[in-house]
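Asks: Positions 1 to 400 (full-length UniProt numbering) are the ones given, in order, by the sequence shown.
Watch out, some of these pointers could steer you wrong.
Listed below are the simulated BS3-like cross-link pairs for lysine-lysine, each with C-alpha atoms no more than 27 Å apart in a straight line [claimed, not checked]: (1) Lys203 with Lys329; (2) Lys229 with Lys319; (3) Lys203 with Lys323; (4) Lys329 with Lys198; (5) Lys248 with Lys338; (6) Lys342 with Lys362; (7) Lys362 with Lys338.
Estimated spans, in silico, between C-beta atoms of each pair [to be verified]: (8) Glu78 with Asn168: 18 to 24 Å; (9) Arg241 with Pro114: 46 to 52 Å; (10) Arg315 with Arg241: 20 to 26 Å; (11) Asp312 with Arg90: 52 to 58 Å; (12) Lys177 with Glu360: 18 to 24 Å.
Keep in mind the hints are simulated off the structure, nothing from the lab.
Just so you know, these numbers come straight off a predicted model, no measurement behind them.
The C-beta atom is built at its ideal place from N, Cα and C for all residues, glycine as well.
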Amino acid sequence: MKLWIVDKTRLFMVLSMFTFTLYILSFYFNFTIYDLLRFKRITVEYSRLTNTTKKILFWNTMFGDKTFYMGDGDVFLECPVNNCYATYDRDYVDLVEFDAVLFHANELEISDLPERRSPWQWYVFVNLESPTNRPLINNFYEDYFNLTMTYRLDSDITWNYGIVRDANNERIVAPSKNPVWNAFNNQLGEHEKVEESKNIRRKTKPIVWFVSNCMAESGREKYVNELAKYMQVDVYGKCGRMSCPFSKDCFAEVTEPNYFFYLSFENSLCNDYVTEKLYNALRYDVVPIVYSGANYSLFAPPRSYINVLDFDSPRDLAKYLKKLIENPKEYNEFFAWKRYYKIDSGTQQAACDLCKLLHERKEPQMYNRMTEWYSESKCPLQKFLNYQGYITGSIIKRKD
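Put together the whole structure using the sequences plus the hints.
Replies: The following block contains the structure:
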């Protein structure tokens, strides 16, 4: 008992001397205990911001996929900035320790949201569907997200179904708000000859369309019905009489060897809304005919596609398509861009951009007008469907 009293006395003396020393130092260095604690907090925060690995959580699923089609684990190894780790395991670390949490808006439930949140976390709004089909209408999400990751070019992270790279230096050219097509001149010179591939020589059928949504908001079915009055259109899938077996690669085995044109018609007419329907076609020797609310010059090389809105009617479009079929040299010019550019995955690039952004941005700021930002007001061409159920170049001219 006596020994314990002696040890306790010595411990008290040591602590007293330590406290007195800190007090004296605070005068000398103009520090306070508060300053010391604040310094420790700042040091911890700096350590967090400069941490070599950013942890990313997929909160829900994306069309049923737990990893948002990016994969989980060290899926960023091929990215320029690759110190990130992704998982769908909510218990991988404490929820507030994740640097970013990704929410797929289409499958988001208010009843299933994180119960705790750190002020430095990134809550990422992810959506590849247009607001015509899936608008954000619940005001609960105002001041909830602080990053956007969508198909739109004004997103923090643009996630497109495909990207266009310069074939020479691998630089990403499009999609972009201001793409520069330096490697390719829209007007082919007399000196440039486009080789005709065997895939083109054996084509015998004009137009093919693969479609499963027969009641799209864009009115594309009505346009196709009108176009079919002037040209043969083979419709595959739930909305047509033809089918492509699951055992086949429908583009490689059906579309490319047989058809001149492929209908890349979107289900809504929204700004920047361009899906795999375009990029799947561009990967093969078939010319996509596009129908959307997007400015396609921001998404694909010049003279790589035909835009419905460049024609006053389906009849005028059919007339032009017949001309191309009858003039192989002119048709072949739609593939000249492939010497200079190539199509790559948009998902992998979006993942890389996410990892890079997490290492660059330091101060999250809430978005307080998300419902407006992702509303049908971003689909201005939809209202012009009232004229005849589909849009044409003449309707756009009338609008202007």
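Asks: For each hint, tell me whether it holds in the structure or not.
Replies: Each hint tested on the structure:
For the hint linking Lys203 to Lys329, the alpha-carbon distance of about 14 Å falls within 27 Å, and the restraint holds. Between the alpha carbons of Lys229 and Lys319 the distance comes to roughly 12 Å, so the proposed pair stays at or under 27 Å and holds. Of the pairs offered as hints, the one joining Lys203 and Lys323 holds, with about 15 Å between alpha carbons and a cut-off of 27 Å not exceeded. For the suggested pair Lys329 and Lys198, the alpha carbons sit about 14 Å apart, so the restraint of at most 27 Å is met.
With a CA separation close to 25 Å, the supplied pair Lys248 and Lys338 stays within the 27 Å bound. Between Lys342 and Lys362 the alpha-carbon distance is near 34 Å, which puts this suggested pair outside the 27 Å criterion. Between the alpha carbons of Lys362 and Lys338 the distance comes to roughly 40 Å, so the proposed pair goes past 27 Å and is violated. The beta-carbon spacing between Glu78 and Asn168, approximately 20 Å, falls within the hinted interval of 18 to 24 Å.
Arg241 and Pro114 have their C-beta atoms about 48 Å apart, which keeps the hinted 46 to 52 Å range intact. Evaluation of the 20 to 26 Å hint for Arg315 and Arg241 yields a pass: the beta carbon distance comes to about 23 Å. About 54 Å separates the C-beta atoms of Asp312 and Arg90, a value consistent with the hinted range of 52 to 58 Å. For Lys177 paired with Glu360, a C-beta distance near 19 Å keeps the hint of 18 to 24 Å intact.
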